[in-house]
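Protein chains in written order, with the working numbering: chain W, 464 to 859; chain V, 38 to 150; chain H, 8 to 163.
No incorrect hints appear here.
DSSO-like, lysine-lysine: derived pairs with alpha carbons at most 30 Å apart:
(1) V:Lys122 x V:Lys86
(2) W:Lys796 x W:Lys853
(3) V:Lys125 x W:Lys641
(4) V:Lys71 x V:Lys90
(5) W:Lys651 x V:Lys125
(6) W:Lys837 x W:Lys496
(7) W:Lys803 x V:Lys86
(8) V:Lys90 x W:Lys488
Worth flagging that the hints you see were computed from the coordinates, not collected in a lab.
Please read all numbers here as calculations on a predicted model, not as lab measurements.
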Amino acid sequence: MICTACSCLCDDVFIEDGKVLNACKRGFEHISKFKENRAIPRVRGGTVDVDKAIDEALELLKSSKKPAIYGLDTSTVEAQRLAIKIARKLGCFIDDNSSFCLGDFVEMILRKEVPTTTLDDVRDYAYVIIYWGANVYQSLPRHMSKYTYYPRGAKRNRGYDEDRYLVVVDVRKSDIAKLAKKNAKFIKVERDLELVESFIMAAEGKAPKHIEVVEILREMKKSELNVLFGGLGLKYGLGDTKILAEMINKVNSYAPLAFLPAGFHSNMRGFNETLFEDVGFVNKFSFAENRSDQRFAFTELLKEEAIDCAVIVGTDPVASLPFDISRKLAKIKTIVIDPKDTVTAKLADVVIPSAYSGIESGGTMVRSDGVRVKLEPLEKAEIDDVYILKRILEGL
Amino acid sequence: MLRLTKFMKFEAEIVVARDSFDSSAIYLHPEFAKKCGIKEGDVVSVEAKRAVKLKVKLSNSAPENGGIIPNSIFASFLTDFENFKRFKARIEVTDEKESTIEEIIEALKSNEK
Amino acid sequence: MPLTPMEIYKLLPKTNCKKCGEQTCMSFAFKLINREKKLEDCKPLFEEKKYEIQLKKLQEMLKPLEKATETGLIVNEALCNGCGNCIVVCPVHVEKDPRGAGVGKGPTIADPIYRIENGKLIVLNMHACRRYGKSRILCVVCRENCPTDAISFLEG
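Please work from the sequences and hints to get the whole structure.
Laid out in structure tokens, this is it:
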């Protein structure tokens with residue numbers, strides 16, 4: 464089966480004699496505990512049947528003046544397309560977690576502002592592998608063993624200590640920083656911008672503040688493919704991606720460097736790509752104004768009290784957003800579509816239980832590098848995101 | 038046993054990590070915990086914008102002068118949007134029980150509508 | 008913490024009495040770690056009262072040996088995240104399973120040394136480990152690439 468616990472979408476996971484094989488701890492929890500803590504159809508706290516919950520959701524949406532659709536990062540591309548259709552029909556806002564996660568990085572790639580690659584090519588050809596602000600040991604546990612540093616690849620068959628050069632950049636000595644030993648570097652940064660500027664300066668042949676960058680560039684020169692994985696730490700450390708794109712392109716004038724995002728939920732990149740194909744933006748989009756804007760990010764909409772109703776699909780904003788934002792969310796009408804009884808569901812006006820994509824429901828997801836993966840679910844639930852969203856689309 | 042550290046508050050640097058850690062705990066750096074006289078299994082009150090009570094675990098990957106709180110409703114409860122990933126908090130050992138998700142939902146609802 | 012022969016030697020009688028069949032107490036210490044000898048083989052340690060405290064310490068010190076495999080390996084499951092670094096770097100896996108573990112996938116051979124089961128590292132076939140048997144090599148590649156020190160060996 465395909466593991467949908469994170470954006471690695473590992474394809475070698477299977478179940479044998481009741482044991483989950485090859486999945487990491489995160490994957491195992493995802494696959495083995497999907498039957499626990501399930502959502503039940505509810506309307507304002509009272510249990511109802513699914514039809515009633517969908518009807519009630521339709522009522523809320525019809526009476527809403529300024530609705531928003533949010534989440535969808537663990538839903539399939541097929542479900543994401545339906546949600547976009549609903550947003551278009553309602554002329555409303557649509558956004559996902561990527562607006563405060565790595566959406567900017569994906570947008571940079573989809574707009575072809577920086578060179579990119581696939582994880583398969585990284586495994587086969589990449590020499591210098593930079594992790595910047597991403598402790599993948601926790602967020603994407605098998606990233607290094609399955610795709611980047613450790614596997615032997617077509618042109619990288621002598622093992623990590625000879626055929627790879629690892630660079631870890633972080634504010635702390637993270638788990639993966641401990642792996643940067645031989646033929647490797649750990650750079651502890653306080654200000655990410657300083658290191659970005661150092662790369663630019665070194666590529667221009669000037670002496671940078673972070674002198675180790677010179678050696679890293681020299682190593683890059685040895686290979687036709689090197690890769691930079693940007694994580695949340697880099698995104699938050701920099702704030703603006705413009706300077707990062709400038710850095711990557713400057714480095715490319717000296718030695719090849721491809722860029723990939725490292726982090727996020729199973730199909731966050733899928734959301735970015737699906738929306739981008741349709742409207743030319745990756746997230747925080749308003750169908751009323753037909754444009755994307757920082758003000759249309761779900762968190763901003765809540766902060767500014769710009770919406771009166773939200774459809775929340777497969778995400779738990781109350782658990783992950785700052786409390787002041789959650790407080791605003793508690794004030795508006797909320798419809799939660801989720802397999803899990805999340806904290807947000809506990810507060811919602813309407814809860815429509817769905818199925819776990821990849822376990823109980825099939826479809827397509829997009830790996831963090833843009834490769835499309837067809838899911839191989841264990842079961843086939845009747846009611847999943849696609850079913851629910853289709854009913855809502857038809858009911859409007 | 039009376040513990041001196043019980044009445045002392047320590048300034049700690051907190052990193053919020055999207056980790057597969059136990060979400061209702063704070064992971065202190067062993068050195069920092071030692072300095073503050075906090076032991077694994079203690080319950081500490083962590084006070085930033087608001088305060089939550091969390092069980093203490095130890096982790097070497099925590100910042101040397103503080104700890105990690107996994108990205109969860111407890112981390113959210115403490116933060117505002119400007120200090121979403123990293124913030125300073127005051128930590129002290131408490132005899133009270135750990136905070137529950139229900140308590141935080143109640144806090145949310147109390148301001149509802 | 009890896010256990011060293013030196014630490015054990017310090018607590019032995021250090022008389023080189025040869026009652027255990029070894030020439031020196033130091034070589035007895037080596038054999039203890041390799042589990043080729045048992046602590047009980049050191050007769051004076053048990054017979055003479057003056058070694059009582061040392062004996063207790065030694066018994067405590069050698070406890071992890073019971074948990075370890077014949078290759079001296081101890082896996083701390085609580086620390087393991089199932090990342091699979093150990094599986095992919097293992098030179099034996101690379102050689103025997105070049106299209107599976109060698110390229111980053113879960114092992115595709117029937118008897119890998121390691122496998123991830125239910126999100127945790129499981130030792131399936133330590134006989135294939137380079138540390139096993141008479142002509143062993145003290146390979147530590149898996150341990151070196153575990154970010155949380157979930158893997159340890161009794162010796163180095």
